[in-house]
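**Student:** Residues per chain, in single letters:
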Amino acid sequence: MIANDVAQSAPKIKCVVWDLDNTIWNGILAENDAVHLRPDALQLIKEFDRRGILQSIASKNEHDPAMEKLRSFGLDEFFLYPQISWERKSTGIRRLSKSLDVPVDAFGFIDDDPFERDEVLNTFPGIQTFDATDLGVLFAADALVSKVTTEDGRRRRLMYQRDIKRKQAEEEAGADNSDFLSSLGLVLTISRASEEDLDRAEELTIRTHQLNTTGRAYSREELSGFINSHTHELLITGLEDKYGPYGRVGLLLLECHPHLWTIQLFLTSCRVISRGIGGVLLHWLAARAKARGVRLQGTFVPNDRNRIMWITYHFANFREIGSSSGVVILANDLSRVQPVPSYIALQLEAPCPIGRTER
Amino acid sequence: MDTERRQIRSFFAQYLRSEDFDDADDVFTSGRMNSLFAIQLVLFVEKQFSLTVDSQDLDVRNFSSVDAVYNFVLRKGAVSTRQASV
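Line by line, the protein sequences are chains F and W. Read left to right, the first sequence gives residues 1 to 359 (this note's numbering). Read left to right, the second sequence gives residues 1 to 86 (this note's numbering).
Pairwise CB distance ranges, derived in the manner of DEER restraints: (1) W:D20 / F:R295: 36 to 46 Å; (2) W:D20 / F:S99: 25 to 35 Å; (3) W:Q56 / F:N303: 20 to 30 Å; (4) W:R6 / F:E77: 44 to 54 Å; (5) F:V145 / W:D22: 50 to 60 Å; (6) F:W86 / W:D67: 50 to 60 Å; (7) F:S325 / W:D22: 45 to 55 Å.
Heads up, incomplete: computed chain F residues facing chain W, CB under 10 Å, no partners named: (8) A173; (9) G276; (10) G278; (11) R307; (12) I308; (13) I311; (14) H314; (15) R336; (16) Q338.
Not close to chain W: a few residues of chain F, all C-beta gaps over 12 Å, as computed: (17) P11; (18) D49; (19) E62; (20) E68; (21) G74; (22) V104; (23) D112; (24) T189; (25) S194; (26) E196.
Derived by calculation from the structure, the hints in this document are not laboratory data. Ideal placement from N, C-alpha and C gives every residue a C-beta, glycine not left out.
Chain F on its own, in the form it takes in the complex (with noise of 0.2 Å):
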C-alpha cells in the first residue's frame, strides 16, 4: 500500500560507529596516551561527513579522557551521542539506534578487533561491520556510497545536533511547555516552492509517512509540473529557531479554481512534530481562503500510519463530505479560524500568491 519502501539493491548505511584504539587512532589510549590519528581514518570521518551519512563511537575507553583526545584530533564534533564506556558495544548500538531514531540494520560498524565485530554481529544480524584494518576499501564500499544528497541531506549532522541541543533544552527547561516554545523564537517561512525546492521536495514525498495526508509519493518531474501550472500551487515551508534552521520541513500541494482551493497533499516532517506546525498551516490556509471568498477542501488517503493528519485536518475544522476511489474528501467551513500562535513567527516569502491579501 505504501510504495515509498522501496528495497534497494545494496542496503544503505545512514550511520558509522567507529572504534577508537587502533581504528581512528594506532595506539591504547588506557595504556599510553601518545596515540597517533589515523590519516586514513580522518580522511573517511571527513567524506561520510560530507556525504550526508551520521557517524557515533563505540569504545571501550573512560569516556572523558578519550572525548578529550577527541577533541584534540579537531574530531568531536564530528559524532553524535558517542559511545564510550565499558559496557558491551551492542549496548551502546542500540541506545545510538533509539536516539538517532536509525534502525540498526542501517548502521555500520568498524573496529579492529574480530571479538567486537562479532558480539555486535551476532546481536545484531543485519548491521554490516568492516575490519577498520584497511579503511580505504571504504571509500568505494557500495553500503557507503550515499545517492545524490540534497543541501538538507548534507547538512544532516549539523541538524541532528541542533536538534540534540534543543533536546537537552527542552528537558531542562522542566517550566511550562508553552515558556519552552516561547523561548525558542520559532520562526516558520512559506514560500512558493522553486526549481531549487525540488529535490527537496521530491524527499520529503519519499521519506514522510506519519505526517502525510496521502502517502504518495511524487517525482521530481510530477512537482515541476505543478510548479508551472496555472491550477497549482505547490507551497514549501522552512522552520527555524535559536539554535538554527530545521531546514524545509513541509510541503503543501495546492490545486486552485476560482472558487474552490483544494489540498491535494500535506506532509510536514516528524522532525518537527512537536512544535504544532501542522495546524499553524491549515489555519494559516484557512484564513487565506476566507479572506479571498474561496471554498477550502482537503483530500485524505488513510492508511496504517497517517491518522495523526485525520486529526489535524479535523482539529483544523476539517469534516468528512465524501469520497471516492479511496479518496476521502474533507471541507472546512471556515467559521473557526485560529491566529497563528504567538510563539510562532510568521514569513511570508515572496512569491507567494496564497498569502498576498495578508500583507
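Given the structure of chain F, go ahead and fit chain W onto it with the hints provided.
**Tutor:** Just chain W now, with coordinates in the frame of chain F:
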C-alpha cells in the same frame, strides 16, 4: 467521576509540564497545543476510558480543555478502565 477528571487533568499537566492551568483553559487557542499532543490525547482517551473516538467526535471542542474532555467522556458514557497510573 472525580477519578476521570483527575486522570484527564494529570495527562494535561504531564504534557504542559505545569499544574498552573484551570480545567476550563483552552490549550488549543492558547497555542499550547500541537499535533503530537492531539494524537496522544486522542489515544489516551480511547485507552483510558475504553471508547472509540470516531471522526464525528474529532472536534477540537471535545479536546480543548480538561472540562471539554471530561464532558466528552461522560457523553460517551465511558468509565475508567485503569487506575491513575499513566
